[in-house]
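Student: Listed below, chain by chain, are the residues.
There are 2 protein chains.
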Amino acid sequence: MSLIVKKFGGSSVADAERVFRVASIITEEYKKGNDVIVVVSAQGDTTDDLLEKAYEINPDGGSKREIDMLLTAGEQISIALLAMAIEKLGYPVISLLGWQAGFQTDANYGIARIRDINAERMRAELAKRNIIIVAGFQGINKYDDLTTLGRGGSDTSAVAIAAAMKADRCQIYTDVDGVYSADPRKVTGAKKMDEITYDEMLELASLGAQVLNNRSVEMAKKYNVELEVLSSIEPKPGTIVKENVKMEKTLIRGVAKDCNVARISIIGLNDTPGVAFKLFNQLAQAKINVDIILQSVGRDGTKDITFTTPLTQSKDAMAALERIKDTLQFKEIISDNDCAKVSIVGAGMESHPGVAAKMFEAIYDAGINIQMISTSEIKISVLIDAKYADKAVQAVHDKLIG
Amino acid sequence: MSLIVKKFGGSSVADAERVFRVASIITEEYKKGNDVIVVVSAQGDTTDDLLEKAYEINPDGGSKREIDMLLTAGEQISIALLAMAIEKLGYPVISLLGWQAGFQTDANYGIARIRDINAERMRAELAKRNIIIVAGFQGINKYDDLTTLGRGGSDTSAVAIAAAMKADRCQIYTDVDGVYSADPRKVTGAKKMDEITYDEMLELASLGAQVLNNRSVEMAKKYNVELEVLSSIEPKPGTIVKENVKMEKTLIRGVAKDCNVARISIIGLNDTPGVAFKLFNQLAQAKINVDIILQSVGRDGTKDITFTTPLTQSKDAMAALERIKDTLQFKEIISDNDCAKVSIVGAGMESHPGVAAKMFEAIYDAGINIQMISTSEIKISVLIDAKYADKAVQAVHDKLIG
Numbered sequence: 021m022s023l024i025v026k027k028f029g030g031s032s033v034a035d036a037e038r039v040f041r042v043a044s045i046i047t048e049e050y051k052k053g054n055d056v057i058v059v060v061s062a063q064g065d066t067t068d069d070l071l072e073k074a075y076e077i078n079p080d081g082g083s084k085r086e087i088d089m090l091l092t093a094g095e096q097i098s099i100a101l102l103a104m105a106i107e108k109l110g111y112p113v114i115s116l117l118g119w120q121a122g123f124q125t126d127a128n129y130g131i132a133r134i135r136d137i138n139a140e141r142m143r144a145e146l147a148k149r150n151i152i153i154v155a156g157f158q159g160i161n162k163y164d165d166l167t168t169l170g171r172g173g174s175d176t177s178a179v180a181i182a183a184a185m186k187a188d189r190c191q192i193y194t195d196v197d198g199v200y201s202a203d204p205r206k207v208t209g210a211k212k213m214d215e216i217t218y219d220e221m222l223e224l225a226s227l228g229a230q231v232l233n234n235r236s237v238e239m240a241k242k243y244n245v246e247l248e249v250l251s252s253i254e255p256k257p258g259t260i261v262k263e264n265v266k267m268e269k270t271l272i273r274g275v276a277k278d279c280n281v282a283r284i285s286i287i288g289l290n291d292t293p294g295v296a297f298k299l300f301n302q303l304a305q306a307k308i309n310v311d312i313i314l315q316s317v318g319r320d321g322t323k324d325i326t327f328t329t330p331l332t333q334s335k336d337a338m339a340a341l342e343r344i345k346d347t348l349q350f351k352e353i354i355s356d357n358d359c360a361k362v363s364i365v366g367a368g369m370e371s372h373p374g375v376a377a378k379m380f381e382a383i384y385d386a387g388i389n390i391q392m393i394s395t396s397e398i399k400i401s402v403l404i405d406a407k408y409a410d411k412a413v414q415a416v417h418d419k420l421i422g
Numbered sequence: 021m022s023l024i025v026k027k028f029g030g031s032s033v034a035d036a037e038r039v040f041r042v043a044s045i046i047t048e049e050y051k052k053g054n055d056v057i058v059v060v061s062a063q064g065d066t067t068d069d070l071l072e073k074a075y076e077i078n079p080d081g082g083s084k085r086e087i088d089m090l091l092t093a094g095e096q097i098s099i100a101l102l103a104m105a106i107e108k109l110g111y112p113v114i115s116l117l118g119w120q121a122g123f124q125t126d127a128n129y130g131i132a133r134i135r136d137i138n139a140e141r142m143r144a145e146l147a148k149r150n151i152i153i154v155a156g157f158q159g160i161n162k163y164d165d166l167t168t169l170g171r172g173g174s175d176t177s178a179v180a181i182a183a184a185m186k187a188d189r190c191q192i193y194t195d196v197d198g199v200y201s202a203d204p205r206k207v208t209g210a211k212k213m214d215e216i217t218y219d220e221m222l223e224l225a226s227l228g229a230q231v232l233n234n235r236s237v238e239m240a241k242k243y244n245v246e247l248e249v250l251s252s253i254e255p256k257p258g259t260i261v262k263e264n265v266k267m268e269k270t271l272i273r274g275v276a277k278d279c280n281v282a283r284i285s286i287i288g289l290n291d292t293p294g295v296a297f298k299l300f301n302q303l304a305q306a307k308i309n310v311d312i313i314l315q316s317v318g319r320d321g322t323k324d325i326t327f328t329t330p331l332t333q334s335k336d337a338m339a340a341l342e343r344i345k346d347t348l349q350f351k352e353i354i355s356d357n358d359c360a361k362v363s364i365v366g367a368g369m370e371s372h373p374g375v376a377a378k379m380f381e382a383i384y385d386a387g388i389n390i391q392m393i394s395t396s397e398i399k400i401s402v403l404i405d406a407k408y409a410d411k412a413v414q415a416v417h418d419k420l421i422g
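Line by line, the protein sequences are chains A and B. Offset between the first sequence (1-based) and this note's numbering: plus 20. Offset between the second sequence (1-based) and this note's numbering: plus 20.
A portion of the hints provided could be inaccurate.
Heads up, the list lumps identical chains together, so a pair's fine if it works in one copy or across two of them.
Here are the simulated lysine-lysine pairs, BS3-like style, with alpha carbons at most 27 angstroms apart [claimed, not checked]:
#1 K52 with K351
#2 K51 with K84
#3 K256 with K212
#4 K242 with K148
#5 K108 with K411
#6 K298 with K335
#7 K262 with K212
#8 K298 with K256
#9 K298 with K419
#10 K51 with K266
#11 K73 with K411
#12 K345 with K298
#13 K407 with K419
#14 K419 with K148
#15 K84 with K148
#16 K108 with K84
#17 K52 with K323
#18 K262 with K84
#19 K73 with K108
#20 K51 with K407
No lab work stands behind these hints: they were computed from the structure.
Work out the full structure: start from the sequences and follow the hints.
Tutor: Okay, here's the thing in structure tokens:
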């Protein structure tokens with residue numbers, strides 16, 4: 021007998037028909053003799069609908085405590101409905117709110133971190149052979165107030181339960197049937213992977229593959245929870261995410277693009293010590309995320325610094341830089357919001373130096389100019405013009421994965 | 021400084037505009053220097069919408085625990101929105117779910133009774149000078165599971181808080197501005213009362229005046245909580261409900277009609293001991309509420325028994341009687357679903373025997389036949405044909421209240 025944790029997103033339970041589809045996936049697992057704990061998000065657009073109600077009351081958004089009080093009602097509705105569907109199918113089931121399942125968090129409303137899971141209640145319900153339906157995305161703080169875990173929180177809830185209960189597997193059901201070497205809707209020849217490491221998954225997720233929330237993958241890695249990404253529609257094995265995967269021929273796991281990128285260049289900075297520090301310190305204080313950084317070699321006593329930032333933070337970054345224009349004494353700022361980052365990810369990459377050259381060749385053959393380059397142990401990223409992003413992904417995929 | 025408990029129903033907070041209207045009533049009270057605890061129901065049609073979702077999943081209704089899990093999300097949404105509106109107006113406020121406010125109930129999902137209120141959290145929030153918004157209708161049982169208090173539960177929540185916190189007054193806001201001597205939409209000359217006793221209010225509520233939930237009035241009487249029924253739209257004093265009210269000229273407080281009545285006659289019963297017991301025991305086992313009972317004088321060894329029951333239970337009552345037809349050996353059952361009960365209520369009535377005669381006279385003058393009569397210390401009810409109900413109420417009101 022195994023303990024399986026399953027997580028279903030909001031679209032999987034958006035209406036009665038889909039609730040029953042999910043219910044039957046759950047009862048099929050239970051029928052095998054396994055213990056099943058299910059984490060579910062709020063139905064369909066519930067969270068957006070609730071936020072809209074809040075903005076009607078207060079366009080500035082209201083206090084985060086009350087927003088969390090409001091939003092946690094969403095999962096409460098979906099767990100009750102899913103439990104009712106399982107009851108209707110004739111299986112023993114109980115729904116639990118985040119706090120009933122023992123989710124204790126810090127008091128950072130909206131972005132709470134899980135402190136501990138008091139698994140007593142869940143253990144008692146499993147002992148009664150109940151299927152447990154847990155409200156994802158939510159917990160309780162030491163003041164007995166409801167909190168939410170922030171974006172992708174339900175994935176995190178599922179992994180945290182799997183870790184706390186030492187589950188045999190944590191299955192994340194999505195609208196795709198696994199992790200692909202590239203976006204299968206856009207890249208011909210994109211291949212589904214049977215297995216992938218946590219680190220590869222992390223790089224792919226942060227590159228916009230958007231299959232799994234990063235925080236949940238980090239937690240899975242930390243507690244060594246075996247994840248599976250699989251389809252809530254087609255009943256077939258998905259992609260396993262774990263620490264060590266069997267070696268495969270292909271070095272490159274996947275190719276991803278990220279269009280939420282802006283490039284900002286500061287031209288004519290004094291070529292003196294401390295300039296980069298002052299620049300990026302200012303950005304850090306303004307809470308701007310900086311990704312790739314490129315500094316030109318100094319010439320005529322000046323140098324240029326170029327960096328990328330999420331497109332959504334581009335305006336704030338420009339404003340922050342303007343505020344220190346007098347201190348830094350640079351000539352001008354140039355920004356480009358039409359960029360895309362194309363990246364290849366693969367754990368075996370570092371021992372094979374030819375990979376980067378092959379990637380650049382593919383992009384050159386496609387007639388695309390590379391603006392910036394960034395590398396890590398398991399990733400190579402290039403910045404290019406946004407309009408060539410899909411073309412570049414296909415070219416790189418053809419060349420390196422095939 | 022006083023402590024005031026205010027209760028607002030679902031229609032009072034149905035949209036953002038109404039939420040702000042309620043918020044300003046609350047902050048006006050707070051500005052006077054008073055402590056304010058507010059109980060609020062789910063917005064507008066939320067409860068019905070949630071129940072509809074449940075029936076889509078399971079037309080039989082699902083388990084009561086999961087229904088309560090589902091429904092309690094409704095008040096969670098409304099307390100958060102109301103708290104946000106008060107925040108927006110610039111006042112300190114905190115929303116509390118039933119369990120956070122300390123509502124401990126028994127485990128009868130859907131119709132839970134309040135066992136105790138642990139008022140610690142509410143006291144702490146008042147000490148911080150916070151306005152408290154409490155989710156009505158809900159509590160928690162000893163298993164840490166959410167429960168609902170059943171119909172009219174938010175009134176009960178408000179009175180329970182007022183009792184536990186020894187509030188100076190419990191104000192129930194409605195869409196009418198007080199308790200009237202008859203339904204002011206239908207009876208010309210209906211008068212608003214300044215004060216009314218608990219017992220009078222109980223009789224009026226059970227007669228379909230539907231201003232206050234009976235259970236909440238009973239609780240108010242038990243704990244001597246001074247109630248006020250007032251308008252959420254017009255800012256003026258309403259009707260106070262308390263133990264002793266100042267004597268007024270009129271003996272009769274109000275005239276009410278109840279159209280949720282069916283009359284059932286069992287004809288040709290054996291005129292032997294134990295017949296009435298067997299009959300009403302059978303009805304009790306089928307959980308049929310019986311109101312007025314009339315037994316004919318025996319003749320030729322048989323007698324007839326007639327009783328009234330809520331229209332909604334009429335079918336079940338008939339079925340229950342059919343099941344004991346052989347045991348009881350009666351001739352036939354006749355039912356009439358087109359009845360109405362018209363009643364007058366007044367605490368001073370019992371010492372003035374002429375009141376009943378005046379009532380019957382008014383009905384006679386209106387040309388209406390009386391089918392059954394029932395009296396208590398503070399009430400006289402007559403059963404008449406439903407189509408004459410409004411006419412009878414007006415005639416009795418004209419004669420006795422004027």
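Student: Which earlier hints can't be squared with this structure?
Tutor: Hints 1, 4, 5, 8, 9, 10, 11, 14, 17, 18, 20 contradicted; others consistent.
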